[in-house]
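Each protein sequence line maps, in turn, to chains A and B.
Just so we're aligned, residue -16 is where the first sequence starts under the working numbering, counting upward by one.
Just so we're aligned, residue -16 is where the second sequence starts under the working numbering, counting upward by one.
Hints were generated in silico from the structure; no laboratory data involved.
A hint or two may mislead.
Computed cross-link-like contacts, DMTMM-like style, restricted to lysine to aspartate or glutamate with a CA-CA straight-line distance of at most 25 Å [said to hold, decoys possible]: (1) Lys5(A) - Glu86(B); (2) Lys5(A) - Glu34(B); (3) Lys119(B) - Asp51(B); (4) Lys119(B) - Glu86(A); (5) Lys5(B) - Glu48(A); (6) Lys5(B) - Glu34(A); (7) Lys5(A) - Asp51(B); (8) Lys123(B) - Glu86(A); (9) Lys119(A) - Glu86(B); (10) Lys123(B) - Asp51(A); (11) Lys119(A) - Asp51(B); (12) Lys123(A) - Glu86(B).
Covered stretches of chain A, going by a simulated chain B footprint (3 or more residues, C-beta under 8 Å) [stated by the list, open to error]: (13) 14 to 21; (14) 137 to 146.
Built from N, CA and C at the ideal position, the CB exists for glycine as well.
Number of protein chains: 2
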Amino acid sequence: MKSGAIELGETKTSTPKNGMNKGVAILDFILRLVALVGTLASGIAMGTTNETLPFFTQFIRFRAEYNDLPTFTFFVIANATVSAYLVLSLPLSIFHIIRSASERSRIILIFFDTAMLSLLTAGASAAAAIVYVAHKGNTKANWFAICQQFNSFCERTSGSLIGSFVGVVLFILLILLSGLALSRR
Amino acid sequence: MKSGAIELGETKTSTPKNGMNKGVAILDFILRLVALVGTLASGIAMGTTNETLPFFTQFIRFRAEYNDLPTFTFFVIANATVSAYLVLSLPLSIFHIIRSASERSRIILIFFDTAMLSLLTAGASAAAAIVYVAHKGNTKANWFAICQQFNSFCERTSGSLIGSFVGVVLFILLILLSGLALSRR
């Protein structure tokens, strides 16, 4: 706290603002943990999805895996990347709890948070678009709803989107918090 | 400049920082204009896409419009919303050029910029996922590549994604700039 005040070249005592900044930093840490759980769960749920239908012909076994659809592979990669980033950002978040006046690290965090928000949103919404087609099909394009056959496959992939979208909302909050912390130094 | 210094309760002269903040605010304004052009062009290009094939049977005319695929409708809505937001945010951006010390309006901008970034990314990547299926099809799910018939329709929809993705990159830069401006008050 003191070293931060010296660094900024200010002499006024800023205890309440610093206290609030500490609160913001702790909230930041908690939100990161929750987002990590969400994206990790999403990635694992999607990555382990497969369904083999109980009937088969002599030559074909009807089997659906997540990587039959390239978009779902992208979804898993996006979630894994964001999870790894969140783990890496946790030490920086702890550093912000201890030294709430640091400035450059916050800007770096804002930048990477924003990039990761984009990646996560891209993965989640691309997968959602495919899940929508899988559920409803599209008569104009002659795409059939595969969910009528692969029922549990569809339920699993749809469900695994939730964690990602929770992560998106949390990232928006994280960026807002970083902005608040930057403005209240 | 002076009123800002008084507002903050500081007595030091901060001309170089304020000058840089003015530069950041002007850059912010320009980036917003470019992003507006990109999203508007994307929305209009997708919204006016349709193709009627030169052959038809007695009962069916083969015609593809953007709203045959719900995801493309979402794409147009997302781009229209983001364009409208960008127009509304321009006055605030001009306000930041004049008064570069304002703080609350910047945080409000960061929040809405982040939300709009999410919306735009969601629209663009969902549309990209559908365009991918339209181009490549998916043999496992029995979805056919419709681009073999609707050639110009596919080219138009693919091309209209570009403006949106440019917009996404610009939004990331905008949020970074806002963070920089907040830290350098």
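Which constraints among the numbered hints does this structure fail? Numbers only, ascending. 2, 4, 5, 6, 7, 8, 9, 12, 13 and 14
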